[in-house]
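Please model the complete structure; the sequences and the hints are all you need to start from.
This is what each chain is made of:
Protein chains: 2
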Amino acid sequence: MAVRYLTARLAQQIDEELMNTAGAFSIDQLMELAGLACAQALATVYNKEKYPRVLVCCGPGNQGGDGLVAARHLGMFGYKPTVYLPKPGSKEIYKRLEAQCRNMVIPILTPSHPTDLEPLQQLLPQSDVILDAIFGFSFQPPVRPPFDAALPLLTQSKLPIISVDIPSGWDVEKGNDLGVGLEPDVLVSLTAPKLGVRGFRGRHFLGGRFVPKKMEEKFELNIPPYPGFSQIVELPSENESQKL
Amino acid sequence: MAVRYLTARLAQQIDEELMNTAGAFSIDQLMELAGLACAQALATVYNKEKYPRVLVCCGPGNQGGDGLVAARHLGMFGYKPTVYLPKPGSKEIYKRLEAQCRNMVIPILTPSHPTDLEPLQQLLPQSDVILDAIFGFSFQPPVRPPFDAALPLLTQSKLPIISVDIPSGWDVEKGNDLGVGLEPDVLVSLTAPKLGVRGFRGRHFLGGRFVPKKMEEKFELNIPPYPGFSQIVELPSENESQKL
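Taken in sequence, the protein lines are chains A and B. Those letters in the first sequence? Residues 1 to 244, by UniProt numbering. Those letters in the second sequence? Residues 1 to 244, by UniProt numbering.
The set of hints was computed from the structure by calculation and includes no laboratory data. A virtual CB, placed ideally from N, CA and C, is assigned to each residue, including glycine. Keep in mind that the hints are not guaranteed to be accurate.
Below are the DSBU-like pairs computed for lysine-lysine, each with C-alpha atoms no more than 35 angstroms apart in a straight line [stated by the list, open to error]:
1) A:Lys213 to B:Lys214
2) A:Lys174 to A:Lys91
3) B:Lys213 to A:Lys158
4) B:Lys214 to B:Lys158
5) A:Lys91 to A:Lys214
6) A:Lys214 to B:Lys91
7) A:Lys80 to A:Lys91
8) B:Lys158 to A:Lys218
9) A:Lys218 to B:Lys95
10) A:Lys158 to A:Lys95
11) A:Lys95 to B:Lys218
12) A:Lys91 to A:Lys218
13) B:Lys158 to B:Lys87
14) B:Lys214 to B:Lys174
15) B:Lys87 to A:Lys87
16) B:Lys214 to A:Lys87
17) A:Lys214 to B:Lys95
18) B:Lys158 to B:Lys50
19) B:Lys214 to A:Lys50
20) B:Lys158 to B:Lys218
21) B:Lys48 to A:Lys213
22) B:Lys174 to B:Lys158
23) B:Lys158 to A:Lys95
24) A:Lys174 to A:Lys218
25) B:Lys95 to B:Lys158
26) B:Lys80 to A:Lys214
27) B:Lys214 to A:Lys80
28) B:Lys95 to A:Lys95
29) B:Lys213 to A:Lys95
Partner residues are not named here, just some residues of chain B that face chain A (Cβ under 8 angstroms, in silico) [said to hold, decoys possible]:
30) Gly23
31) Ala39
32) Arg209
33) Pro212
The calculated label-pair distances, taken between Cβ atoms and stated as ranges, are [to be verified]:
34) B:Thr115 to A:Lys218: 33 to 43 angstroms
35) A:Gly78 to B:Val105: 33 to 43 angstroms
36) B:Arg201 to A:Lys158: 52 to 62 angstroms
37) B:Glu16 to A:Lys80: 44 to 54 angstroms
38) B:Gly228 to A:Ser90: 19 to 29 angstroms
Shown next as structure tokens:
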């Protein structure tokens, strides 16, 4: 049984159930485990000796929160993360996640005006890999400023990109049909992959090892078994899974 | 530089700083990572094929919270945990952690009266390993009911025991000087080991990979480097560290 690819609506519903009585999780817990999974996937593919400088690009929503958590764990793993956060989220949790990064002496780049791209332009040549935590499964086109201008800069940098859940700029269900999205080398899907990444050809990991069995069965997620006590599992590539 | 062993007072102070502005962590985050580390240490030593049935013994405080988180992760790893929780904590977070276990269909054993030991007596012969999350670094002797009677039962079971932070019944600074404490095979110290476990001879892991460098330096913790992206690091045994 192949893993299920989720519509945006179903992803939203599962997220809600994880936090209501069916899961009873707090957002702090879910983000901590999701961000940890992202950091571990990055560390699996890009070792810190060759790729120490990680540019963690964060959006203003929950996806950005996952990015802030991942940045902190990457710092603990010995990487040199820098956070690009042009539009800091206003919820209390984002402020705490930011404070946690600052306490770890992780630089957070927030231009005085969100659309000022110069700081990002300066940072890109000093980075080895990009962690894309800008837009998540609640993204609705079009890409708004400053990200409409930032995404092309990330692409033009030719740096390896690892995207969280859905590559930024992609439609959650239709993929990069407008052609304005990033083309990541690696993808970390959280809980279950989304419809839009169905044809993704790079290395694809699944994270979010917290879905109760009853929920997994209810939504027929067919999550593959995670190995040992890992927080991530690599999915077979699209070519391999088509053979199955 | 050897790792620092903490007094009870210092452990308390570090815990507070992790949650105030110096760390900015929520209790949800810290417990999630601490409990995950405990589950990973158990899974490192006791594989789920030979030791599937884990009896997770939880006290009414934060230590019990770590135990509930560990039980949930052990369930995700494929173990068959059962929680023994004679005195459920009253704080809201414990109720949520309990609900998370129930959602994972992990049995929680809370006798109708806390001092009724029969359920525990029935459970012990059906268990392969004990995770001791009863008392933590805020423990003050004497051991009170029902744990004064439960600890000897755990010892008499001859099951392997893995203790969190400080073996239950030990004085946090003086160790098992009263002789009423458990004698675990494995220990998982959180953040930094406590003075009382200085002479511990079993396998000793450190978990809690969330201490900001500035705090580590301020308190001269000398935390050994964690390997890769692991949430635990094994400390050299007492014999080895005396040679250093």
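Tested hints:
| no. | hint | verdict |
| --- | --- | --- |
| 1 | A:Lys213 to B:Lys214 | violated (40 angstroms) |
| 2 | A:Lys174 to A:Lys91 | holds (29 angstroms) |
| 3 | B:Lys213 to A:Lys158 | holds (32 angstroms) |
| 4 | B:Lys214 to B:Lys158 | violated (42 angstroms) |
| 5 | A:Lys91 to A:Lys214 | holds (31 angstroms) |
| 6 | A:Lys214 to B:Lys91 | holds (26 angstroms) |
| 7 | A:Lys80 to A:Lys91 | holds (26 angstroms) |
| 8 | B:Lys158 to A:Lys218 | violated (40 angstroms) |
| 9 | A:Lys218 to B:Lys95 | holds (24 angstroms) |
| 10 | A:Lys158 to A:Lys95 | holds (31 angstroms) |
| 11 | A:Lys95 to B:Lys218 | holds (24 angstroms) |
| 12 | A:Lys91 to A:Lys218 | holds (31 angstroms) |
| 13 | B:Lys158 to B:Lys87 | holds (24 angstroms) |
| 14 | B:Lys214 to B:Lys174 | holds (29 angstroms) |
| 15 | B:Lys87 to A:Lys87 | violated (46 angstroms) |
| 16 | B:Lys214 to A:Lys87 | holds (27 angstroms) |
| 17 | A:Lys214 to B:Lys95 | holds (20 angstroms) |
| 18 | B:Lys158 to B:Lys50 | holds (16 angstroms) |
| 19 | B:Lys214 to A:Lys50 | holds (26 angstroms) |
| 20 | B:Lys158 to B:Lys218 | violated (41 angstroms) |
| 21 | B:Lys48 to A:Lys213 | holds (18 angstroms) |
| 22 | B:Lys174 to B:Lys158 | holds (24 angstroms) |
| 23 | B:Lys158 to A:Lys95 | violated (48 angstroms) |
| 24 | A:Lys174 to A:Lys218 | holds (25 angstroms) |
| 25 | B:Lys95 to B:Lys158 | holds (31 angstroms) |
| 26 | B:Lys80 to A:Lys214 | holds (16 angstroms) |
| 27 | B:Lys214 to A:Lys80 | holds (16 angstroms) |
| 28 | B:Lys95 to A:Lys95 | holds (26 angstroms) |
| 29 | B:Lys213 to A:Lys95 | holds (20 angstroms) |
| 30 | Gly23 | holds (6 angstroms) |
| 31 | Ala39 | holds (7 angstroms) |
| 32 | Arg209 | holds (5 angstroms) |
| 33 | Pro212 | holds (5 angstroms) |
| 34 | B:Thr115 to A:Lys218: 33 to 43 angstroms | holds (39 angstroms) |
| 35 | A:Gly78 to B:Val105: 33 to 43 angstroms | holds (38 angstroms) |
| 36 | B:Arg201 to A:Lys158: 52 to 62 angstroms | holds (54 angstroms) |
| 37 | B:Glu16 to A:Lys80: 44 to 54 angstroms | violated (29 angstroms) |
| 38 | B:Gly228 to A:Ser90: 19 to 29 angstroms | violated (35 angstroms) |
Checked against the numbered hints given earlier, the structure breaks hints 1, 4, 8, 15, 20, 23, 37, 38 and satisfies all the rest.
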